[in-house]
Amino acid sequence: VSTWLNDNGPLLFLALLDGTVTAFVLALIALGLSLVFGVMRIVNVAHGELFMLGAVLSWFAFDLTNDPLWGFLTALVLAPMIVGSIAIFSDRFILRKISYHPESTIVATIGLLYVIQQLTLMFFGPEVRPVEAPFYFRIQFPWFGYSGYKLMVAGMSALCLSGVWLLMKRSKLGLYMRATQQDIEIAKTFGVPTQKIYASVFALGGGLAALAGVLVVPIRQADHLMGLEPLLLSFIVVIIGGLGSIRGTIVAAFIIGISDGIISVFYEPTLAKMLATLLVAMVLVLKPGGLYGGDQA
Amino acid sequence: MLLFLLQFILPTYHHSSVSKIMLLASYAIGYNFLLGYTGLMSLGHAMFFSSGMYSMGLGIYYLELSPLNGVIFSASFSLMVSLIFGLFALRTSGVSFLIVTLMFGQTFYLSILYFNEFTFGHDGFSLAKYLGSFVIFGKEYLFSNPDIRYNFALILLTSYLLIATFIVLSPVGRILIAIRENESRTQLLGYNVFYYKLFALVLSGTFSGVAGAMHGLLFSYIGTTFAEIHHSISPLLWTLLGGAGTVIGPLFGTGIMYYMIDFISEITKNYLLVVGIVLILMIIWFPLGIMGSVRRKWLKWLP
Chain X
1 VSTWLNDNGP
11 LLFLALLDGT
21 VTAFVLALIA
31 LGLSLVFGVM
41 RIVNVAHGEL
51 FMLGAVLSWF
61 AFDLTNDPLW
71 GFLTALVLAP
81 MIVGSIAIFS
91 DRFILRKISY
101 HPESTIVATI
111 GLLYVIQQLT
121 LMFFGPEVRP
131 VEAPFYFRIQ
141 FPWFGYSGYK
151 LMVAGMSALC
161 LSGVWLLMKR
171 SKLGLYMRAT
181 QQDIEIAKTF
191 GVPTQKIYAS
201 VFALGGGLAA
211 LAGVLVVPIR
221 QADHLMGLEP
231 LLLSFIVVII
241 GGLGSIRGTI
251 VAAFIIGISD
261 GIISVFYEPT
271 LAKMLATLLV
281 AMVLVLKPGG
291 LYGGDQA
Chain H
1 MLLFLLQFIL
11 PTYHHSSVSK
21 IMLLASYAIG
31 YNFLLGYTGL
41 MSLGHAMFFS
51 SGMYSMGLGI
61 YYLELSPLNG
71 VIFSASFSLM
81 VSLIFGLFAL
91 RTSGVSFLIV
101 TLMFGQTFYL
111 SILYFNEFTF
121 GHDGFSLAKY
131 LGSFVIFGKE
141 YLFSNPDIRY
151 NFALILLTSY
161 LLIATFIVLS
171 PVGRILIAIR
181 ENESRTQLLG
191 YNVFYYKLFA
201 LVLSGTFSGV
211 AGAMHGLLFS
221 YIGTTFAEIH
231 HSISPLLWTL
241 LGGAGTVIGP
251 LFGTGIMYYM
261 IDFISEITKN
271 YLLVVGIVLI
281 LMIIWFPLGI
291 MGSVRRKWLK
301 WLP
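Same order as they appear, the protein sequences are chains X and H. For the first sequence, the residue numbers in the working numbering are 1 to 297. For the second sequence, the residue numbers in the working numbering are 1 to 303.
Since the hints were derived computationally from the structure, they do not count as laboratory data. Among the hints, a few may not be true.
Covered by chain H, per the in silico footprint, the following chain X stretches (three or more residues, Cβ under 8 Å) [said to hold, decoys possible]: (1) 107 to 114; (2) 119 to 127; (3) 186 to 197; (4) 250 to 260; (5) 269 to 280.
Where chain X lies over chain H, by a calculated footprint (3+ residues, C-beta under 8 Å) [said to hold, decoys possible]: (6) 110 to 123; (7) 146 to 158; (8) 191 to 205; (9) 231 to 243.
Every residue, glycine too, gets a C-beta built ideally from N, C-alpha and C.
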């Protein structure tokens, strides 16, 4: 064991670092999906495209300002707002019209997925485009240097996660959200504006995905097809963690992110994804509530 | 149905399109069996389609099966796949079922990519060299012959339509519809809902698998595009457009969608945009589909 550790120790450390960064970003994306499922009881299949929009908008901001730092800051503020408005718009004109029926919503959001993806293809083009990181800074370990930006991504994601946590537990909006989640009829009777809550939850979910897109794009470039993989991964996370549970989502993001990092470094990325998808299917089958799931629809 | 036999006058281009539509419509009929008659929406049917296609192709390639044995092999393989899948997936329902099917489908797709030395991965492979020819009434034919393709597709489609009509009108079909309408009430009446759902799923999976095998055989190409998520969504779209829960609906849906995409792709490359818009508009204003609406308005007896 000790010789193996001597040979592969640095590699394992790198896998753990990469895994942690992946886990934080994944938690951010999955949290959006989880909130939408928890409060509105619907699955948003277009969630990955909202993430992609965040990344693509970030490229536009970079292109317009021509300055990595200002572009990044602009995108950080504007992208979640723009994507949030798109989410509100789709809530008002699509989801409300089919009265949030779970299976119709899936079909409608598949449609939305295609519309967003193809519109992006028309305006952004099929190329894969890089976005410069707002700063360069390497942290030197004895064996290798590691990008400081990646660590900042993890830090900012952690900050946002705690922000959402506080919002849910401490604010009036969060109280309304939890009330709607527990029982929409009773919440309505007590004067909670559930329609507005639905719209803001959908916007918040989309905004979180877009934010993750902005943070990730300097690490992994932008293209119009990048939404599918995070969508599937966040499905996996949300299901393993229990649909609608924030704590479960974050724990599961770490399980998936770090094991994905380790398997990808030592074996093959395809194998990692294969095992993860299979794992999720089995969790759903054997333990429908997920690891932290309470009641489940 | 007999109308289709008369279409020997079609020009070459449409001839080949209609063959393709008939094969894809067979796939959609298999899909509709689960969605339309049992009320289970799946997002992983590409798994069945491609498992049929790959088991047929790899069987011919490695085991040197004859084409007929290849199709039989693929039918039993996709039956097995859907049985195993059903035993697991049917423990969930509603939204969880959708996600489980999506995940299993994706696992299958990734495993085709992962075992690329055995399955030829992304590139797929062509069967043309291994199929050879066969003899009907003293004349020799190739599988890629357009007339053969057309008629085999027609045979497949017709038999699917007949089997589907037969099952839907049978007592078993009635119970399936009862499950779609109200599962717990059906259970209360003393039916073992699980076995009926399993039956519908296995039938649907096998139908899709054989449709996949025939597609591979008649177009001599096996590839991963048929295992992608996109290929699981297509039959959902065709079925919804044509009318879920009508035997003939998927055929109309497939035909209309095929020609619409064909027409639009001449104007723009972004035909998926139109697919998306159609999906959204349909689910909002037209949830019954074409034949569903026809049935409600004029033909109450339509199966």
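Claimed coverage, the segment 269 to 280 of chain X by chain H - three or more beta carbons nearer than 8 Å: holds (count 7)
Three-residue Cβ test at 8 Å for the coverage of the segment 119 to 127 of chain X by chain H: holds (count 3)
Chain H covers the segment 250 to 260 of chain X, three or more CB atoms within 8 Å, holds or violated: Since 0 is below three, the answer is violated.
Coverage of the segment 146 to 158 of chain H by chain X, judged on three or more residues with CB within 8 Å: violated (count 0)
Annotated coverage of the segment 191 to 205 of chain H by chain X, confirmed only when three residues or more have a Cβ within 8 Å: violated (count 0)
Within 8 Å of chain H (C-beta), three or more residues of the segment 186 to 197 of chain X: Our answer is that it is violated, as 0 residues pass the Cβ test (under 8 Å) against chain H, missing three.
Annotated coverage of the segment 231 to 243 of chain H by chain X, confirmed only when three residues or more have a Cβ within 8 Å: Holds: 3 residues of the segment 231 to 243 of chain H have a Cβ under 8 Å from chain X.
Proximity test - 8 Å, beta-carbon atoms, the segment 107 to 114 of chain X to chain H, at least three hits: holds (count 7)
Coverage criterion applied to the segment 110 to 123 of chain H (partner chain X; beta-carbon cut 8 Å; 3 residues): It holds: at least three residues are needed, and the segment 110 to 123 of chain H offers 4 whose Cβ sits within less than 8 Å of chain X.
Hints 3, 4, 7 and 8 from the list above are not met by this structure, while the remaining hints are.
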